[in-house]
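Chains as they are written, first to last, in numbering that gives the first Met the number 0: chain U, 0 to 385; chain H, 0 to 395.
Wrong hints could be hidden among the right ones.
As the list claims (entries may be wrong) - Computed from the model, here is a short list of chain H residues facing chain U with C-beta under 7 Å:
#1 LYS21
#2 LEU32
#3 VAL35
#4 LEU42
Unchecked claim - Computed from the model, here is a short list of chain U residues facing chain H with C-beta under 8 Å:
#5 ASN35
#6 ALA42
#7 MET187
#8 GLY189
#9 PRO225
#10 LEU239
#11 PHE240
#12 LEU241
#13 SER323
#14 LEU324
#15 VAL334
#16 GLY348
#17 CYS365
What the hints assert, rightly or not - Calculated from the model, a selection of chain H residues having no Cβ within reach of chain U, i.e. all distances over 10 Å:
#18 PRO155
#19 PRO165
#20 TRP292
If you are wondering where the hints come from, they were derived from the structure by calculation, not from laboratory data. Given the structure is predicted, the values throughout are model-derived calculations rather than measurements. Beta carbons are placed, not taken as given, at the ideal position from N, Cα and C, and that holds for glycine.
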Amino acid sequence: MADITQDVPVTTQMPPRRSSGVLGWLRANLFSSVFNSILTLLAAALIAVAVPPIVRWTLIDAIWSAPDGHACHGGGACWAFIREKVRFILFGRYPMDQDWRQIAVVAIFLLMILAACDRRLWGRRLAVIWFVGLSAVFLLMAGGVAGLPPVETALWSGLPLTLILAVVGMLFGFPLGVLLALGRRSEMTGIYIPIPVSLDMRLHWIHVRPIRSICVAYIELVRGVPLITVLFMASLMLPLFLPTGFTIDKLVRAQVAFILFAAAYLAEVVRAGLQAIPKGQIEAADALGLSYVQRTRLIVLPQALTMVIPPLVNTFIGMFKDTSLVLIVSLFDLVGATEFALSDANWQGFAIEAYVFIAVIYWCFCFFMSRYSQLLEREFNRGKRR
Amino acid sequence: MTSEEVSLGLAPPRPAPWRDPKIRGAAYQVLFLAAVVGSIAFLIHNMLGNIGRQNIATGFGFLHKEAAFGIGESLIEYSPADTYGRAFLVGLTNTLYVAALGIVLASVLGTLMGLARLSGNWLIAKLAQIYVETFRNIPLLLQLFFWWGLLNQAAPPPRQAWQILPDVFVSNRGVSFPVPVASPVYKWVALAFVVAVLLIVPLRRWAARRQAATGRQFPTGWVGLGLIIGLPGAAFIAGGAPLALSTPALHGFNFSGGSSVSPEFTALLLGLVIYTGTFIAEIVRAGILAVNWGQSEAAMALGLRPGQRMRLVVLPQALRVIVPPLTSQYLSLTKNSSLAVAIGFPDLVSIANTTMNQTGQAVEGITMIMAVYLFISLAISSAMNLYNRAVALVER
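Only chain H is shown next, with the shape it has when bound in the complex (with noise of 0.2 Å):
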């Protein structure tokens, strides 16, 4: 077609080469590259000389020094004799504790809270709207801070500790909450657990092709349920039932026993969740007004129930509306457990804030927290793109 045009003379003449759109635009683009390339290329040239002028090391060489500090806080094994190396895997738990921990309760309480919002229970409405209202409109350094000072500060010593649930106590050490005494039989639950989960697949399976073949519906979703508490909790009577608890209990000027959380982890959860809530809640709301009120009003006229129309009509439909901004919201979250760093909790980036101050190699240090965070980042949106792509409209 083409070469029969331009044979028979019809194509347009072709532009003088200044005037032609690739060649101009792969001109640009080549002084685009350069000038990029050549800035950094620029700071990269100073960067190297100041290093060399200032006698800072370079390299991650650092990272198998003895790292000479503690840390208050760590989910796995260190002291301050172990290598900066280790340090910072330290700091990296922390920082997914935290988070991943984050993100579940800050869904949980946004959920709920975008769902008050919607009752027509007048006053629930009114609160879920007030607690929005105002923890979205306070930057979250503030809250923490907030948090952070209630429980250090306004907080009284283990000795008048208040006592806000049986056998739990808020001090300024912290949160002291009781929690059963180990034993194997624990394992078997766990154990147990992970089997109901495993066993309601084919179940499912089973019951949506018994449906489709026979039109007689199965209450999966209580068989379920049943599975999932019924097992575990035949494993946890088989084992004997081993109830003990070990409850704080004040010892000289501190609690023992039970578990304790400090305030630097207490404020920073706390401040987390209760601010990315406000937005997921915002979130929830607008993704079920989303859904069409006719959509609804099918439902009921074909006959089904409040919790059917929700779990089978609604909630399917909002869910589309909903992934794609809550990921962005437990994205922001994990980025903002960096704050922890202002109420010195040990997170990666407090971590390596310690580092850089003692061995001078900032560099590398923001280097390898960018890195981190990079792939955190990565790594929760591909998994909520998975998820949205279940989630999401299959059109035909």
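The shape of chain U in the complex, shown without the other chains (with noise of 0.2 Å):
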């Protein structure tokens, strides 16, 4: 037996690089490997180049008083033209001395999007909050009523029509939606159409789906073709298509654009819902002997909805960045009012200023939807998930 001593003598080591604390945490962070590393020093002089410009142009070289355009033309951004122009960009053409009118309404919108928010609501509270609140924001923008000037829906502009296209579009859009995924998922029996198919005209019976079909064209169509095409044909071809004497209103003809082409999007996503519910509980449905529409309305839509409410709440988020598209069939929403303020001869060259501010306020509307909708969705998995 060896004696049990150590002949190799022990390397001091260095301690285990640390972990934890500034220097751990930058280590792990930002600098693992030399590409990471390369990575970090890349990104770190990107900020250095664009962020210094871009924050001296916002603040500190900007201009945010100034009697007229020409005397705000500096290195930095001319904040004067929004404070000058922030009532024509927010309310449009509507009449000036209507002002409380148009805060009012966009105050009850909010409202009914933060009720709508709140899950205790959900149900028929929620529909006659939702009522009330759509009734009170058309006779505020109308007029006519309670001693109110009564005021045509050509004026109507700024964020109140763009909320007004962008929950009117979804609030009808939906039902239609909701029909169209039925009629296309509808099982009921057609019709037999012969055909002959050989030479002794020997006949073929061929089973078509005239709702089922017809629902699959709509969806496909409108689902091919830009939005614009849909407004276009709203605008232009509408008008031809109706019987002599009979005109719509514009902002109408572009409301009805907006709810067809919703109805289509929102049709896939509540086919998605219908094709994750279970055969089991069509079948528990028919053994109760319960008819099509008690089934659809008392076991179908309610299991199918609930489980499409996330992307419900993204395809509005999509209605509502896509309700800018009505500035091309001349209607002045929040970016037809900010292109018309845009064009004062005394104020000239502020359109970086202008687009900026407006795409702060459609930011934060659909972050807040879209941190919303994840929410839900987290919900909405915690039974599924470990």
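Each chain sits in its own coordinate frame; assemble them with the hints.
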């Protein structure tokens, strides 16, 4: 037995690298490898090049008040332009002395959206709140009652118009979308059409389901073309399709186009929910003797729609952003009113400031809604997560 | 079986005709069809009446008439003396061009940003997140106006142009950049590139066969890369390496030499790529996160290097999740290119809009736009479906 002695001298070792503290965090998250270190340095260089000029433009060199546009051309942003035009950008051509009605409309919309986010209110109570809210919005916008001077729809503009287009489009597009989705998945017996297939004129019977085919054709047609063409159709073609002497308001035409467009997209979202319902649910409903309408209303839709609430919110965000396109058929929504404000001869060349300003408004709405949809998604998946 | 049951009287009795689901179904279907056809007929009847009263021409005869309007930029020869049909074709090529370029660039940007959001590097991940959250939540139209305003109003005239890279100038006339002087050698370089790509197919097949037979791996990736760079490079050097560049230089009030793109085109492309890139980034990120971490662990246990793990294990599974939503992003980019009409880039919709204003033939114009977009949508989705079938899970 050899002595248990160690011939090899013990080398002194460095303590392990720190993995906590500021240095440890830096090492783990920014300089974990040569490649990562290079990336970090490149990103830092990018920030160093890009951020200071942006900060200088938006804050340091910015001009906050000026009598007119000529006095406002410095090196930085001209926020005086926004101060001058903020009323016009937000409320557009709506009569100036009626601003309180516009502010009230925006406030009602915000309250309606907030109420919709509270899950305790979901159900009949929310429907009542929304019905009352929307009625109030239309009374306030149109006027003509309770001593409010009437305002024609051609003057509706700015943020209220954007909100009306998006909310009404979604609200009316949704039931239509549900019907389209149900139609697309309809199993109802169709009609048999005979077609001769061979030389001896033997008839071959093919089964067609007009309801399903028409729903599929509508959904695919609308989803296959850009929103602009649907808006063009409403503004240029629709007047041709109506009986003579029958005209529809320009705003209503755009709104109808929006509803029809939204319905096709919503139909696909709802269809995903319908497809996810286990067949057993439908069989159970049939076994209980429920009719198609009862089964759909009491069993299928409640489950299917709950499942697709997060994608529905996402569709709504898309619709909200898409309302900006009505500018092309010359309605003055938030973007349209901004373009109009930019044409003032006394204030020329402040497009960037104006676009940044309304981009912030759109961003706040969309960011809030997308965060909310993410929250819902997490809540709904709580049962499935381990 | 059924006939036996019937003869034994076991089959349920036939319901009354008005309760028979088959007859009922057929009746509802016929009623629905009649209602739809009836409304369409009513609308068309009105339209024909209105068109007759307003003396608007019908039919596609206008396509052969002289357009008499100029088009700012065009990939094919065009002058105002050409026909509406020709103008339409110009619009179509412009739409296809910007959409194709946009799809490629948005895919690259989106993939990079999606990977960056998953990066272990905190700074890179945060920057990618800021990019996605900012540009996804602002309407595309507004972004287009922003870029266009930046290039058109905020950018200086050519004399004080911003030089963002050596010989690349940004002014309110657009972006000017150097291009190689045209030379016949480039044709040979392109040909060599095609040959290299075609050579890789048999090379891969041979390498796979050899690995199956002997177990020895062949560095297909490196050899392929060598071919793709080497063959065109050899052609380039053999042709005398014509390095001459035509660089933009200020002459009078504008740049001459080099090549340039208009502010409208630049704004449209920038907007489409940056906006769609955010959605693609989210799709790529979700696709990679959808691959079970156990798959990566198993790959590491087998001794695969990180690159191999990504290429052989993670990516093929992620693509399955990525491709279907990616297809719809490509479709929406193509459809969104129609927003060009708002910033004055002569795409299909903008030219059709001018045509409709001049001829009053809205029905024909809109029908043509819709037909073209439907066809493009169909083409893109069937191409992507083919690709999807290639990457989809093959179940036994």
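Exercise for review: Just pull the numbers of the violated hints for me, sorted ascending.
Suggested key: none
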